[in-house]
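Asker: Residues per chain, in single letters:
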Amino acid sequence: MSDSATTQRERTESNEQTDRTPDPRADDARTETPPGSTGAQSVVRALEAANVTVAFGVQGGAIMPVYDALAESSIRHVTMAHEQGAAHAADAYGVVAGEPGVCLATSGPGATNLVTGIADASMDSDALVALTGQVPTSFVGNDAFQETDTVGITRPITKHNYFVDAATDIGAVVGDAFERSQVGRAGPTLVDLPKDVTQAETDVTADRPTPPAVEAPDRRAEPTAVEAAARAIEAAERPLCLFGGGVVAAGASDVATRFARTFGIPATTTMPGLGSFPEDDSLSLSFAGMHGTGYANMAITHTDCLIAVGTRFDDRLTGGIDSFAPNAAVIHVDIDPAEISKNVHADYPLIGDASAVLEQLRAAVETAPPAESWREQCAEWKETYPLTYAMCREEPLKPQFVVEAVDEATGDDAIVTTGVGQHQMWAAQFWTFTEPRTWVSSHGLGAMGYGLPAAIGARLALDEAGEPDRDVVCFEGDGSLLMTIQALSVAVRENLDVTVAVLNNEHIGMVRQWQDAFYEGTRMASEYDWVPAFDTLAEAFGARGFRVDDRDDVAPTIEEALGHDGPSVIDFHVDPEENVFPMVPSGGSNGAFALSEDHL
Amino acid sequence: MSDDRIDAGLPGRAPSERPQPESRRTTDGVRIDPVVEAGHVPRRAVVSALVDHEPGVLAQVSGLISRRQFNIESLTVGPTTVDGHARITTVVEETDPGIEQLKKQLRKLSAVISAGEIAGETVSRELVLVKVRGDDPHQVHAITRMYDGETLDAGPRTITVELTGDESRIDAAIDAYRRFGIVEIARTGQTALARGDVPTTPGEEPAPDCQVANREGEPDAANTDTSRAGTAERSIRADGRGRDTTE
Ligand SMILES: Cc1ncc(C[n+]2csc(CCOP(=O)(O)OP(=O)(O)O)c2C)c(N)n1
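Here the protein sequences come in this chain order: A and B. Residue numbers for the first sequence follow this note's numbering, beginning at 431 and rising by one. Residue numbers for the second sequence follow this note's numbering, beginning at 38 and rising by one.
Quick caveat, the hints were computed from the structure, so don't treat them as lab data. Beta carbons are placed, not taken as given, at the ideal position from N, Cα and C, and that holds for glycine. Just to be clear, a hint being listed does not mean it is correct.
Partial pick of chain B residues on the chain A-facing surface, computed with a CB cut under 8 angstroms [said to hold, decoys possible]:
hint, residue
1, Pro48
2, Arg50
3, Arg55
4, Arg68
5, Gly100
If you anchor each label on the Cβ, the simulated ranges turn out as follows [claimed, not checked]:
hint, chain 1, residue 1, chain 2, residue 2, range
6, B, Pro92, A, Ala794, 42 to 50 angstroms
7, A, Phe948, B, Ala96, 51 to 59 angstroms
8, A, Asp1028, B, Pro92, 31 to 39 angstroms
9, A, Gly1017, B, Glu59, 14 to 22 angstroms
10, A, Ser568, B, Arg104, 49 to 57 angstroms
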């Protein structure tokens, strides 16, 4: 270590000694309501006021005062092995629980390790509150030990972030961070907490920082706009619902389902919208987009009236904009006005909460659209373009078969988390989603390594909600799992009942698929035949580990793994050459999806 | 790999055998009327944002602009009549959807109280300082007078002048100075207000104590109702994340 770094550290430590405020617990332990508290205690009281019961994080110098105060709280702190995992776990916790997840990290490297998880939450509009330690205010901007400009770094990936410079403000700021992460379109917020500020005494009574006042968003769209959209729906011959992640986030799945059923309108979802409409319903066309079903993409291409709710028309959904739903009048329901006509022009913009607006629409539509032959057409497409896969008699094991087998072995309310890659697409395609908040994946950011920490977050959300019997299964790729596998130690320590199904193809398969299709098969850096034996690795972590090569072993092993009370990992060795189809090539037309490599 | 592998690929008609609609959308996602192709050409717009005057707000706004690649010509900032508020004025060269997006994205920033394109006519000005070679002071002075400028510094080697005006006037002046040899230029970029009674940003009101006296020395009727101004102010603020409704 360089001299200057040592000096810096000494300065930090001496500063701690001189600045350290007297421990309020020592003085106030006997009084009932302490006259004041530290900034750190205000943080914790604000978390409690926001009904936080679980927080994920990693300790460190600058966040230590907050942890010290957390020791006094009933909030369950889950120590993660890496801050990226803390952010993903908190994100997934939030998705499953329907309230913001909380993660904590120290300054500098702790905060930068959170960045991927915060960016992920931002892309998927997930409510998340990140609390980061910061060097004392007098050192800020001096390149002090473990200093980074966290507020600057996270500005583009948070809904809002805060640098707290007075202990008295902390409760209000943390409260505001909670409120803001949930109001309207959800998203991550971050509060950067300098150490001197969390250590400082405030005149705020420990049990009385400002609690967040979250108003339920019940924003209605403008009635005249709703009327106009209703007329368009009544007149449509080929109407189609497109439900996005916003439907799930708004808790509008029931309303959305009722809406489609009331008027007999076929429904497709985006990938984040999986679970917003039951896929076992005859009106369901499953999900659309790059690896969506052929029938969903045919329907999107031919609809004359697209009722899009809570989607931002990501390019993975739309393919080339020029050919996206080219015949459709677009009704776009969204809570965020900035989404209206951002990527696809909205002929009928309806700004408001998904539930409220869909109820408005349902009331306004007087007669169901004349869509009899359209429904028949959609059913025919389902026949013509089935989602299936070629199965060999023995080996190699097909990854799709594994997904179906796990689906079979678990309840409808099981939660599926995934990493990023082919396995994620197979999970999306071959799992039948019927319930909202059961699909937890990294959509907008596509962050490899999301699956395992997300499973931890999901498990804790279920356990906190008193639903220990619901299964949490995680589909991971070999490459993706390796990115955050250290989180397995957390699952073991906390004895979390999660089942990780590794679809191990000894490749970073999605890259291999693209290389084969678009780079003449040059498999540069995509062969991962050096991956560890995940079954023995799991055992080394203290989890149960299994390996499966044969089809006959699939069901019994899944049974055994699900039956194990605690984390287990099944290393499924699957066909290394299997590819994900259908596929809309990047920027291509949704209706021209490829069914095999020959079509690319 | 085993030999009994069944050829991969899903059943169904190949892309070329499927019916595809003829219609299309533009890059802006607007359906193209097969008869009249609707496209958008960039135009100049002055967008004004009323923001909380706090540290970091300019970084937020400029970060948003650079991240989303809006084509900004200039950006100016300064306080307004209301304590704690500042105005950011940007001149953009964008298509209509681009201008719409800029406004919407600006409104998403929590430090932004209100933002909009200045409706109708704008009064806009830019200030420039020009330092030219001092070999021909009389000629320089003549041009400065012609453009209603002011000489700020005249030394033996250089002369520095100040000019204000709209963009074309300033461009013309700079052109005129070129023949002496321009040493340095500092331009502020345009700042602008809406002409007449129209508020510059949607819902904008002066500070309650900013009453305009009329000829008789009485407060101007339009501005006496301080409670109203206060209420409007609050309603924008209290609306919180619903600020986007102010247009
Ligand atoms: C952090 C990160 N790095 C790189 C990528 C690019 N990427 C997308 S999919 C993929 C392959 C994933 O491989 P694996 O986890 O083995 O899953 P498979 O596709 O084989 O199912 C890669 C490298 C990414 N999405 N995220």
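Asker: Which of the numbered hints are not met once you compare them with the structure shown?
Answerer: Of the numbered hints given earlier, those the structure breaks are 7, 8 and 10, listed in rising order.
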